[in-house]
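With these hints in hand, go ahead and build the complete structure from the sequences.
2 protein chains.
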Amino acid sequence: MYSNAVRKRLRSAGVSVGKRILVEKEGKKFEGLLMPKTDFSDPDSLAIKLDNGYNIGIKLGKDVKIRKSRHREPKSILEEEKLETGKISRKLLKVKWDKSKPPVTLMSVGGTISSRVDYRTGGVYALESPEEILHNVPELSGIVNLKMEKPFNKMSEDMGPDDWARIARLAAKELNSGSHGVIITHGTDFLHYTAMALSFFLQNLSKPVVLVGSQRSSDRGSSDAGMNLICASHVAKSDIAEVGICMHGSLNDDYCLFSRGTKVRKMHTSRRDAFRPINEPPLARVWPDGRIEVKNSNIRNRTNDRVKVDSKFEPKVAMLKVYPGADPKIIDYYISKNYKGFVLEVPGLGHVPTTVSKKPWTTVIKKHAKDGIPFVCTPQTIYGRINPYVYTNLRLLYLDAGAIPGEDMLPETAYVKLCWVLGHTKKPEEVRKMMLTNYAGEITKRTEIENSLGGFE
Amino acid sequence: MYSNAVRKRLRSAGVSVGKRILVEKEGKKFEGLLMPKTDFSDPDSLAIKLDNGYNIGIKLGKDVKIRKSRHREPKSILEEEKLETGKISRKLLKVKWDKSKPPVTLMSVGGTISSRVDYRTGGVYALESPEEILHNVPELSGIVNLKMEKPFNKMSEDMGPDDWARIARLAAKELNSGSHGVIITHGTDFLHYTAMALSFFLQNLSKPVVLVGSQRSSDRGSSDAGMNLICASHVAKSDIAEVGICMHGSLNDDYCLFSRGTKVRKMHTSRRDAFRPINEPPLARVWPDGRIEVKNSNIRNRTNDRVKVDSKFEPKVAMLKVYPGADPKIIDYYISKNYKGFVLEVPGLGHVPTTVSKKPWTTVIKKHAKDGIPFVCTPQTIYGRINPYVYTNLRLLYLDAGAIPGEDMLPETAYVKLCWVLGHTKKPEEVRKMMLTNYAGEITKRTEIENSLGGFE
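Protein chains in written order, with the numbering used here: chain G, 20 to 476; chain P, 20 to 476.
Hint data in this document are derived by calculation from the structure and do not stem from the laboratory. Among the hints, a few may not be true.
Claimed, not checked - With a cut-off of at most 27 Å between alpha-carbon atoms, the simulated DSS-like pairs for lysine-lysine come out as follows:
1) G:Lys-356 <-> P:Lys-78
2) G:Lys-348 <-> P:Lys-335
3) G:Lys-385 <-> P:Lys-335
4) P:Lys-348 <-> P:Lys-359
5) P:Lys-378 <-> G:Lys-348
6) G:Lys-378 <-> P:Lys-335
Keep in mind that this is a model prediction, so the values were computed, not measured.
Below you can see the structure in the form of structure tokens.
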């Protein structure tokens, strides 16, 4: 409980816990939700959750002015007002689905978009039921006829190949039994790895598979969950038969980007437009009103083909960054642990240090490449393409030592792909050929790459 | 030598080796420098170096039209015309320095900017003398009075802490004996690591230290070396007493960015504007005509202070990326090799997997952190900031296991900084305090970060 003095001032300002408050201190204004005081905090300080999702504490001295905010609280917050009394009332909005709309499966596997803030602790917890995601997004019923699936619930940093395969199997099953598209709500940290895996696992893909997350949980005022879900629903019933991530395209709530699963990466810890297409334009811009502007000509169209799953996977692959002082003996260590392949994040056009250590990278790579171990080099710069022909040292690495130049694949994409390729064959020449074959848009043509970065605009 | 048929057609078009040629084939136009034929290539195919720096071969069939280009060759190319006769004539431009201009030291340590293309092999080789860099840039004599130093010549991927210390000592010596600023011409692959190291090594910095490279060698038509050097010279005599990288700011030859040494990263393999400031605006925009637009208020001004060097350094630090499937036992391996600290590139707001393996990351980190080993977590997203307070798993990692949240430091910056910090102390609490202290602009304040990405514009 806040102190008597604080509660008195809150009462006279007409603000209570769970309501929006405007605080002015030393000329600076802060606006957000007034939070209940926790056991560990100062009873004379206001705890305020700002619209960027973070909590601040402000000592309510005489120099501090408070008043009620004119902005409205999000619905879900209102329903938690009873918190201060110790009781939590959570009413679920009953969404009525319109059966005349295209059937789409929403698969909930976890993450912030499936979480809520516990206002007692400030921590973030999983929703009890996936339907809660839809709490603030009744608009969805005007777009699609949603069917919910909840195969498991994990934060994305704890997911791996088995989870990816499970999602792929369920997605294929749904698409092959009437769903026009699949939406997967997922944590954002490793969301792009799942997108990459599904891009290779789902063969004959004939319908949209739309991964969506949120950078702020759905009960926050600034949450991106609602708009991301609305845009994802538009994509899921569209004719774009690709695996991709659909999330905010800018800092404003204006449009989302739908970016190819093999060409997208989380590029910011907290911004809502963190997922950026790399080395190609987004597949499409998507507006909440349903407009879809296709931005990329390399797109498969919806068909009636049966989707197949090929999730063969060799997990014994290491991704290593090459930096000044990095010791290539780490490769020997992984080989001793029975690792089958390596993705190297290398600087510039594709270099490795050749002279720094007593045992240079080129020597170590050449030795193991001769034994049939693949080394795929990818851009540490993230943007751009490996070009093995420019410098003498590059020729040493790619022509003599036998490393595979990873074209313009993201390191993360090359990692997932190499695991998938090694799940199919260990023969060096086949591995090389498959790594340099474009299966899911992961390698783009050399043309026009300079003008289609897709980065922060 | 080209075949007789090819030479006949070249003659009638008025084009010879070393001259610019325009080739039209199947409706596509190619323009570039006609190269001498190598021993390994088809005598009926033209070898052309395009303006983007790459060579192509075009079979000179009847369907192919050729003509002289109206564009002029760069000076240095003209002087190599005699190549075809087997003799190489390299005349050095004699630059006359104006002693009334501010004295600035140009330190040449290697890289593409100190290289030339060998038109016989297509390979890139080091210049014989650093003065050759200035070959195409006589404009410099109107800006500064340059003194040349060439402590060593290396491609940047082969550089390390000893080289950084050597550069720092020479830079301090020059600045303390009359130079108004130091320009360092350097390879681009690991250029940002050198910039980071100099930022920590050079104490009491009172004058500009400007690192500059080029993405295309100086004898190419499309080289960025000239403009980068001109802009770097303007910065070197300015009042901005910071270590930074000065290179192209856009794809056009319009302006350069001068970006802080601790906040800049190579973000593209080949673009001329590859070096981008991360998480803050560039220090300044610099135009070739000498205009300098300061974009960042956090800048030290020129003084007469004596520059000191503090290059204490513990190289036994590993930088590790945390990805799905990454095994934390790699930490035990490094510890067994006597490593003293770790920089982790972690996803999202600062997570590590907590449940995937039998021995989760948190457990391994906690065990070694208890023994005094520092683990600094940095954003795998590159952009943004670690925030250890949002999720339960984050609290486990930072509050319980004892990892250090690396704020908005680049992984590369945190790596160089941790080596430098551990060169001064191994005491865990001192290391933590130093890692969270801002020494060289490597940690920015939380305000306004969202709107100052500094990425590709």
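Hint check, failures only:
The structure conflicts with hint 1 only, although it agrees with all the remaining ones.
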